[in-house]
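I would like the entire structure built from these sequences, with the hints used as guidance.
There are 4 protein chains.
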Amino acid sequence: MSNSKRIPVAVLGATGSVGQRFVQLLADHPWFEVAEVVASDRSAGRSYAEATDWRLSADMPEAARSLTVKDYGDEVTSPVAFSALPGEVAGEIEARLAKAGQAVLSNASTYRMDPDVPLVIAEVNPDHVRGIERQKANKGWSGFIITNGNCTAITLTLSLKPLQDAFGLDSVIVTTMQALSGAGYPGVPSLDAVDNVVPFISTEEEKLAEEARKFLGSYDGDFSLAPFKVSASCNRVAVRDGHTEAVSVRLQNRATPEEAIAAFEAFRGRPQELQLPSAPARPVVVRRENNRPQPILDRETHGGMASVVGRVRECEIFDLRYTVLGHNTLRGAAGASVLNAELLKAEGLLPV
Amino acid sequence: MSNSKRIPVAVLGATGSVGQRFVQLLADHPWFEVAEVVASDRSAGRSYAEATDWRLSADMPEAARSLTVKDYGDEVTSPVAFSALPGEVAGEIEARLAKAGQAVLSNASTYRMDPDVPLVIAEVNPDHVRGIERQKANKGWSGFIITNGNCTAITLTLSLKPLQDAFGLDSVIVTTMQALSGAGYPGVPSLDAVDNVVPFISTEEEKLAEEARKFLGSYDGDFSLAPFKVSASCNRVAVRDGHTEAVSVRLQNRATPEEAIAAFEAFRGRPQELQLPSAPARPVVVRRENNRPQPILDRETHGGMASVVGRVRECEIFDLRYTVLGHNTLRGAAGASVLNAELLKAEGLLPV
Amino acid sequence: MSNSKRIPVAVLGATGSVGQRFVQLLADHPWFEVAEVVASDRSAGRSYAEATDWRLSADMPEAARSLTVKDYGDEVTSPVAFSALPGEVAGEIEARLAKAGQAVLSNASTYRMDPDVPLVIAEVNPDHVRGIERQKANKGWSGFIITNGNCTAITLTLSLKPLQDAFGLDSVIVTTMQALSGAGYPGVPSLDAVDNVVPFISTEEEKLAEEARKFLGSYDGDFSLAPFKVSASCNRVAVRDGHTEAVSVRLQNRATPEEAIAAFEAFRGRPQELQLPSAPARPVVVRRENNRPQPILDRETHGGMASVVGRVRECEIFDLRYTVLGHNTLRGAAGASVLNAELLKAEGLLPV
Amino acid sequence: MSNSKRIPVAVLGATGSVGQRFVQLLADHPWFEVAEVVASDRSAGRSYAEATDWRLSADMPEAARSLTVKDYGDEVTSPVAFSALPGEVAGEIEARLAKAGQAVLSNASTYRMDPDVPLVIAEVNPDHVRGIERQKANKGWSGFIITNGNCTAITLTLSLKPLQDAFGLDSVIVTTMQALSGAGYPGVPSLDAVDNVVPFISTEEEKLAEEARKFLGSYDGDFSLAPFKVSASCNRVAVRDGHTEAVSVRLQNRATPEEAIAAFEAFRGRPQELQLPSAPARPVVVRRENNRPQPILDRETHGGMASVVGRVRECEIFDLRYTVLGHNTLRGAAGASVLNAELLKAEGLLPV
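Protein chains in written order, with the numbering used here: chain B, 14 to 365; chain A, 14 to 365; chain H, 14 to 365; chain E, 14 to 365.
Keep in mind the hints are simulated off the structure, nothing from the lab. Just so it is clear, the structure is predicted and the values come from calculations on it, not from any experiment. Only true hints are included.
Some chain A residues judged to face chain E by a derived CB distance under 10 angstroms, without partners named:
1. SER194
2. PRO202
3. SER203
4. ARG253
In silico lysine-lysine, BS3-like type, Cα no more than 25 angstroms apart, as pairs:
5. B:LYS242 <-> A:LYS242
6. E:LYS242 <-> H:LYS242
7. B:LYS83 <-> B:LYS112
Backbone N, C-alpha and C define an ideal beta-carbon position, used for all residues, glycine too.
In structure tokens:
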């Protein structure tokens with residue numbers, strides 16, 4: 014596909030943290046081209062360069078600078094839209110676009126648990142995209158919405174998938190140590206972060222539990238949650254990017270740490286088969302050093318698109334314990350949606 | 014007891030992090046008076062003020078400044094010694110003093126799991142001090158060693174004790190987020206701490222598991238470990254002081270969060286009965302806000318001597334989940350030994 | 014003065030960061046008693062305990078918990094008011110109280126540079142309180158307003174005063190590394206603080222320069238700015254409390270570092286003469302170690318009420334260089350106002 | 014130059030922080046190829062992958078993994094050596110190689126102020142490389158040593174050069190806020206970094222002052238220091254990478270901020286003319302936002318090879334004030350040496 018034929022896409026909520034990641038990831042994308050940026054009326058009408066307090070370490074992509082920011086209410090003409098909309102407006106705007114025939118790849122939480130909306134990790138449950146047809150029928154839309162999940166849930170679920178396939182899942186107790194960027198900007202006050210841990214993130218534990226079970230559940234016309242239990246404790250720590258999670262798992266069939274590591278390392282998904290542009294070489298990377306993964310050293314693994322697992326060992330109570338790390342604004346947010354869009358494109362499901 | 018009759022005590026390993034806390038806590042103590050400070054030969058012969066890189070925010074106590082630092086090999090004449098010795102020398106020196114008739118209150122890990130040595134939290138297992146007699150007989154010592162535990166174990170165990178008493182313990186899965194001061198000084202390199210989590214602390218998970226079971230076990234001539242299971246994941250985070258621990262507990266008899274809170278709040282121990290000088294008003298303090306405890310706000314509760322519990326709620330898998338926080342160098346180290354010494358004094362077990 | 018005769022005082026803006034410090038500092042004050050707490054209509058009508066997200070490490074003082082929060086518009090009956098009001102409302106409310114006969118001790122910036130309002134550091138320019146009389150006359154008020162200064166300016170000025178007295182001041186170039194608490198709560202976003210420096214604080218450089226010159230200026234019916242020059246560069250760093258400032262000074266008469274240290278150490282002010290309750294033993298404390306002052310080790314010096322100076326050495330370009338540190342919410346804010354109130358009381362200038 | 018003809022180079026001190034940066038920067042270098050890695054006897058004999066605790070976020074370059082680490086005493090055969098040796102061994106080893114005919118590009122401080130050794134920033138004083146000839150003659154070496162400077166000095170000097178050329182320099186007062194990585198690993202203890210500033214870095218202020226003057230001085234057979242004065246105050250802050258410096262400059266001829274910005278932006282050096290592979294597009298990048306440069310946002314500018322200037326404004330005392338930021342382990346260390354080597358190669362001065 015030559016660059017001149019790249020598919021025009023819109024980024025909704027383009028000026029915020031996740032929106033900026035979308036613009037960054039799509040800047041040199043071989044299949045997609047950012048044609049529209051949409052934000053609230055505070056930004057609308059200005060150039061993207063003027064409207065945006067760009068907070069990523071690399072400079073704003075040149076092509077995006079001069080795009081004029083559209084208002085939430087303006088018509089969006091691109092056939093594909095990536096949504097980083099805040100929860101309070103995502104519901105209405107995403108539905109409007111889906112109704113109008115567009116493919117909406119959403120990072121917002123609004124529709125994730127909707128019985129008509131697929132919640133997809135491209136390596137974990139690519140077959141759930143088949144739910145698009147029922148969604149169109151039930152909602153009366155000509156387009157559709159596909160959601161990716163909560164950053165913490167995606168990181169964990171990528172590591173649970175090979176265990177589920179090989180050994181079956183019974184129970185998962187997980188404690189997270191989550192990065193500051195997960196709360197956006199301005200987000201967490203510095204006086205809550207420096208020399209501190211905050212042992213609570215609103216609605217995070219519930220999302221983590223139910224989304225993991227929807228990802229790992231089945232679709233046969235309805236989405237059914239996978240029948241394992243999840244208990245989560247979510248904490249905010251003074252890390253900029255990268256959620257670390259300490260996991261204890263009871264399996265349906267016992268496995269040794271070595272067998273689990275073999276399952277993690279053998280795991281490949283549809284994006285790897287299809288060699289999608291944003292697919293990590295391996296969805297799960299295992300580190301064998303006893304003090305890994307660490308956010309500062311491992312969050313950029315495979316472009317921030319892999320879950321990095323370490324300290325795989327026996328659990329005195331369940332079967333296995335391990336630590337898993339994922340980049341929350343790449344694999345856990347914008348990157349997940351981009352990979353989903355690539356999957357849809359490769360499967361011929363985009364309206365272009 | 015007038016100040017002129019205070020019991021002279023020695024602080025072993027007095028120039029290090031925990032040693033400084035001992036000197037600080039004992040500075041205005043009503044019963045004890047620092048008469049000797051002992052350190053390695055790098056410091057020996059100099060005044061405590063010269064030999065010590067004092068790193069606590071309050072100034073070095075005036076009375077300690079002019080004490081001449083003794084060498085590890087020098088004779089110690091005080092009847093009571095508080096030990097903050099490093100592991101590689103603690104074994105020999107503490108045994109030498111105990112043999113010579115002294116009461117050694119040790120924060121070192123060397124003897125904690127020794128079958129002849131009591132491992133004591135004054136509120137949890139004060140009866141274990143009766144093990145002194147068998148220790149003297151078996152070791153052939155005229156004095157004795159009493160150990161306090163690992164900082165992480167003390168914090169957790171204080172919260173487990175009321176649950177054990179009221180409902181029985183079956184299984185505990187705990188993930189810690191531990192403070193930098195737990196590794197001493199220089200300890201953790203800043204490049205491992207800033208913008209990072211390290212998911213491993215050497216031998217910490219093992220200590221936490223076995224010490225919790227010894228604290229909560231029984232003594233009837235032998236120490237037997239309490240028959241519940243512990244699985245720990247220990248992490249280092251960028252917090253100066255205060256270990257935060259996310260806990261899931263399976264009880265022998267189910268309890269609601271409200272019943273657990275009632276048990277936490279009703280809990281008092283022997284130090285509270287005896288009104289010992291360093292005893293916290295409550296060993297376990299429950300915060301009801303949904304985002305507490307936090308190190309920065311709660312680590313100084315009751316002079317840093319309480320375990321602060323919050324987020325008590327049902328666990329989807331076990332019975333209860335909660336977060337507990339303790340000050341690792343106060344309740345988790347020097348303060349624990351001082352409280353143990355007060356207990357021994359009140360019970361008439363000190364050799365003075 | 015027995016406790017039963019303590020002067021009732023109001024704290025304006027009582028629920029914010031500096032307001033909480035006022036409530037904390039006044040809790041056990043021998044002369045003053047918090048009788049009224051005033052805040053915005055979001056808090057008014059609730060108890061102080063309910064209305065306040067208490068963020069200091071010690072617990073909220075018991076006596077303050079049950080006070081009912083008054084609205085900005087409510088009548089204040091206490092003869093003395095401490096103001097931590099936000100800038101946008103301070104002007105009107107403080108004037109209303111002063112007009113009504115009350116003594117207002119203000120931490121707000123609104124009136125600091127007003128030609129009728131004294132800007133006072135109790136050790137530096139206690140004679141400026143004489144300006145009250147002219148203020149009353151010019152403003153037509155029966156009460157008055159006394160302001161303390163910007164936290165950065167107070168810290169610096171305390172160190173400049175003994176140099177001015179002994180050697181005269183010509184030029185001061187200062188670079189600050191300021192604490193997060195200086196911006197209040199929520200204040201600085203954590204993503205701006207962790208692994209970062211922000212080289213700009215709005216209006217801070219201007220305030221620092223002009224306030225230092227007003228403090229060190231004279232009062233003879235008018236306030237005249239001291240005739241030295243100040244050039245400031247203000248930066249925000251990841252420190253919770255304590256502003257660090259690197260200073261180069263050109264004096265009118267040369268001085269060696271030793272002579273400067275002698276001047277710093279000899280410095281005492283009116284609060285020390287009067288032995289005011291909140292007066293630090295020494296307003297300027299000199300550390301001789303080559304790596305001091307440090308926020309973590311020195312900000313609590315003399316209850317956070319001293320400026321701590323270190324690294325006094327020759328400047329290759331001006332005469333002297335040194336580093337000075339002050340606690341920004343104690344000496345730099347609430348503590349400064351309390352000390353000013355004590356000075357007024359001792360000088361017989363309070364309306365009680 | 015095809016890859017098969019790349020010049021083999023040795024990295025001395027290859028396992029440390031700066032050594033790892035050398036290996037990283039040279040991994041895909043068009044002109045150089047890492048053929049030898051040299052470290053202390055703790056590492057010697059093992060593969061580079063085994064011997065090195067790799068601490069950069071990207072993985073260790075594949076080609077370097079299997080290199081066998083040589084001992085300090087082993088013969089080095091590559092014609093070019095990049096040195097990240099610790100000070101205590103750099104002197105002897107670098108001299109041995111230079112004597113043996115090799116070109117040594119050194120980041121060590123040992124020879125920086127040696128009257129026979131060029132101290133070079135490729136954009137600032139490329140003509141100083143002519144000093145090689147006299148060095149060879151005076152030292153009796155067939156090879157030579159070229160040093161780059163202290164990280165803080167390089168960052169500052171890049172910004173001073175265009176001011177010197179356009180307006181002349183008289184006096185520079187600079188306060189630095191330096192990154193943790195500048196002290197290597199383990200380097201700064203975390204308890205000195207979190208919630209703290211350390212206002213002292215050993216010998217840093219002296220190096221900054223004298224190196225800036227050597228860089229900006231002239232070479233006419235001897236190196237003479239530029240005749241301006243520098244007064245520095247160096248501080249360590251909790252930033253991983255990137256030194257921030259607040260600068261006040263007195264010029265020989267006054268300049269407005271706009272004129273200074275024009276000079277900064279017009280500045281190009283020999284590396285830009287020669288289009289050297291590691292040359293930043295602009296050596297000095299000016300940010301116009303009022304709160305820039307910031308380490309987190311700006312340290313990677315032009316691959317971490319530019320000095321980023323902001324807040325250019327009048328100084329109340331000198332002529333100009335501004336803030337400058339540079340990446341201390343890229344432009345301030347390994348990157349500087351690599352650029353110097355490229356300059357030498359382009360000028361035909363490498364022994365290959």
